[in-house]
Amino acid sequence: MAIAMRQHRPHAVELLLALALSASLTAACSTEPGQAASSGRPSRTIENKGSDTIVNLALAWAEAYQQVQPAVQVSVTGGGTGTGMAALINGTVDIANASRRIKPEERSAAEANGISPVEFVVARDAIAVIVHPDNPVDRLTIDQIAAVYTGAIDNWAQLGGQDRPIVRLSRETNSGTHVYFLEQVLRKGDLESEALFSPDTLLLPSSEGITAEVRDNPNAIGYDGLGYVTPDVKVLAVALDPSLGYAYPTIQTVNSLEYPIARELYMYTAGEPESEVLEYLNWILSDPAQVIVSQLGFVPVRR
Amino acid sequence: MRGVAWTEFLITRWIRVSGYSAILFVLLIFGFLLREGSPALIQIPPSSLLGVRWYPIEDHFGILPLLGGSVVVTIGAMLVGVPLGITTAIYIAEVSPRSVREILKPLVEVLAGLPSVMLGFLGIILLAPSLRRLLDLPTGLSALTGALLLGGIAIPTIVSVAEDALDAVPRTYREAAMALGATRWQTIWRVTLPAARSGVLTAVMLGIARVIGETMTVMMVTGNAPVMPSGLQSLFRPVRTMTATIAAEMGEVANGSVHYHALFLIGVTLFLISLAINLIAAAVVFRQRTRAERVLS
Numbered sequence: 014m015a016i017a018m019r020q021h022r023p024h025a026v027e028l029l030l031a032l033a034l035s036a037s038l039t040a041a042c043s044t045e046p047g048q049a050a051s052s053g054r055p056s057r058t059i060e061n062k063g064s065d066t067i068v069n070l071a072l073a074w075a076e077a078y079q080q081v082q083p084a085v086q087v088s089v090t091g092g093g094t095g096t097g098m099a100a101l102i103n104g105t106v107d108i109a110n111a112s113r114r115i116k117p118e119e120r121s122a123a124e125a126n127g128i129s130p131v132e133f134v135v136a137r138d139a140i141a142v143i144v145h146p147d148n149p150v151d152r153l154t155i156d157q158i159a160a161v162y163t164g165a166i167d168n169w170a171q172l173g174g175q176d177r178p179i180v181r182l183s184r185e186t187n188s189g190t191h192v193y194f195l196e197q198v199l200r201k202g203d204l205e206s207e208a209l210f211s212p213d214t215l216l217l218p219s220s221e222g223i224t225a226e227v228r229d230n231p232n233a234i235g236y237d238g239l240g241y242v243t244p245d246v247k248v249l250a251v252a253l254d255p256s257l258g259y260a261y262p263t264i265q266t267v268n269s270l271e272y273p274i275a276r277e278l279y280m281y282t283a284g285e286p287e288s289e290v291l292e293y294l295n296w297i298l299s300d301p302a303q304v305i306v307s308q309l310g311f312v313p314v315r316r
Numbered sequence: 456m457r458g459v460a461w462t463e464f465l466i467t468r469w470i471r472v473s474g475y476s477a478i479l480f481v482l483l484i485f486g487f488l489l490r491e492g493s494p495a496l497i498q499i500p501p502s503s504l505l506g507v508r509w510y511p512i513e514d515h516f517g518i519l520p521l522l523g524g525s526v527v528v529t530i531g532a533m534l535v536g537v538p539l540g541i542t543t544a545i546y547i548a549e550v551s552p553r554s555v556r557e558i559l560k561p562l563v564e565v566l567a568g569l570p571s572v573m574l575g576f577l578g579i580i581l582l583a584p585s586l587r588r589l590l591d592l593p594t595g596l597s598a599l600t601g602a603l604l605l606g607g608i609a610i611p612t613i614v615s616v617a618e619d620a621l622d623a624v625p626r627t628y629r630e631a632a633m634a635l636g637a638t639r640w641q642t643i644w645r646v647t648l649p650a651a652r653s654g655v656l657t658a659v660m661l662g663i664a665r666v667i668g669e670t671m672t673v674m675m676v677t678g679n680a681p682v683m684p685s686g687l688q689s690l691f692r693p694v695r696t697m698t699a700t701i702a703a704e705m706g707e708v709a710n711g712s713v714h715y716h717a718l719f720l721i722g723v724t725l726f727l728i729s730l731a732i733n734l735i736a737a738a739v740v741f742r743q744r745t746r747a748e749r750v751l752s
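Chains as they are written, first to last, in the working numbering: chain A, 14 to 316; chain B, 456 to 752.
For the record, the hints were derived by calculation from the structure and aren't laboratory data.
Treat the hints with care, as some may be off.
In silico contact screen, one side only, chain B against chain A (beta carbon under 8 Å); selected entries [stated by the list, open to error]:
| no. | residue |
| --- | --- |
| 1 | P584 |
| 2 | T594 |
| 3 | V708 |
| 4 | N710 |
Each pair of labels, with its calculated beta carbon distance range [unchecked claim]:
| no. | chain 1 | residue 1 | chain 2 | residue 2 | range |
| --- | --- | --- | --- | --- | --- |
| 5 | B | R508 | A | E118 | 14 to 22 Å |
| 6 | B | R490 | A | P178 | 39 to 47 Å |
| 7 | A | V150 | B | N710 | 43 to 51 Å |
In this text the structure is predicted, and so the values were computed from the model without any measurement.
For each residue, glycine too, the CB sits at the ideal point set by N, CA and C.
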């Protein structure tokens, strides 16, 4: 018996088992999550992912759409505009939510994967600059905000406030709000500008993180979508040019372009939308869906 | 008879393959990290990679501030966790009465199972605001908050391993010390603890490994500002660790981009650090054992 065993070649068996193990491991790793979603099977679930700015709005739409079209289910996740774009490029979502325009390199990456993103403007948003309620500063110009965030101004006393250090709060770099703020406030729309956030800017992973810190810390300054501003923080009036007057962010000032830090919110589809996705987007641009936009503190795209 | 031999043969092989597979998995993971991370060394110029600015969306890929952030938080956490962890282990193993010990040990193990996101939540709501008020810091979201919480995370690991090591010290050592007239403190400090030294050092090393790999808590409470640490005051300022950077940015990157490779390069760095910690721990244990054997022979 012992002789019989020795005649087997144990090393070959071990090798085979090890190979089988590693093969199953690599197979598990290389399966793209999107292949299941984009396979031919007619699915009635619309995958919707991206900007955290829009996530509450997208959830409200998805919920309301259940009443309109019970057969279609919209599954909404956040994670930031960059996350949604990465998912769109990798083909794992039907609709990507974005709080900024698609970047040229994202478009070319998508096209390299055989996907041509199509853009829809679904709402408008103002970015509010917020401070602690006890902070005596009530208004700032775009230049002052840029100086604060690039690190040129370090103390609230330089802005007419108390003698306190300034703690700068921002969303993470995968947030469309971050990129918009960099381009439109720090760089004032100048494509040649190389202004950057001061390295000691706190990059917080969520809007709630920013609101929580501003609510608690009198040194803090933060920015966030108007829809996320809670009543327990102080919103600053902002002016592009102080001689033209300061404006608080409201639906009126955003639509009249008086408030300078406002932007469009987008949804991108992988190619021209069809059937359920097209119906959903048409519904989003209709009046009942746009009413939800103003209920959540955003600005409707149709007056 | 033949059937039994076959089963035994298969079981023996299966166990052997399982043993090898651990090595295989580590090699596969390291190979994957290297494959995805090494292009960054070519795509990113060394001046950028060794710079002090991490801002990947504008092609600033300096990983030194992230490395520094991890080091600052880990050192801080060890300053908290090692003394507390070892003294707790000594109390449980050497001092406490049996009844207390039977409650304490499972409780420490429960602490080990606490999800780190809960600790992070606690940090944001309670610890960070209190530290800001107490120490008059610009913000409570700092390396210190992270270090205190991570120290807490490391304690169960350190206690559990160190307590086992102390427990394994033969009873005769303590009896001999007592017989020579040593006090209880002298016995613990001069006899039991040195005898269990290799196990206690392993506990510390495992604690460090646990802390440097921790992600969720540090991402929530350290403020994530990629500032290059300089001097002692860095402990009281926001930092960004390597783990938090990978976690925060991995979701955003397009597969195969420079940023993607840079994040994997950080992963390789983390892997090498924990490999080094484990090798040091293994070397320490090995050296101790040979010395003990020499003494006993």
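Hint check results:
With 8 Å as the threshold, the beta carbon of P584/B comes within range of chain A, its nearest partner Cβ sitting at about 5 Å, so the hint holds. At a threshold of 8 Å, the smallest CB-CB gap from T594/B to chain A is about 4 Å, leaving the interface hint in force. A least Cβ separation of about 7 Å between V708/B and chain A falls short of the 8 Å threshold, and the interface hint therefore holds. Interface restraint check: N710/B against chain A, minimum CB-CB distance 7 Å, threshold 8 Å, status holds.
Our hint of 14 to 22 Å for R508/B and E118/A holds, since their Cβ atoms are close to 21 Å apart. For R490/B paired with P178/A, a C-beta distance near 44 Å keeps the hint of 39 to 47 Å intact. Checked against the hint of 43 to 51 Å, the pair V150/A and N710/B passes, with Cβ atoms roughly 44 Å apart.
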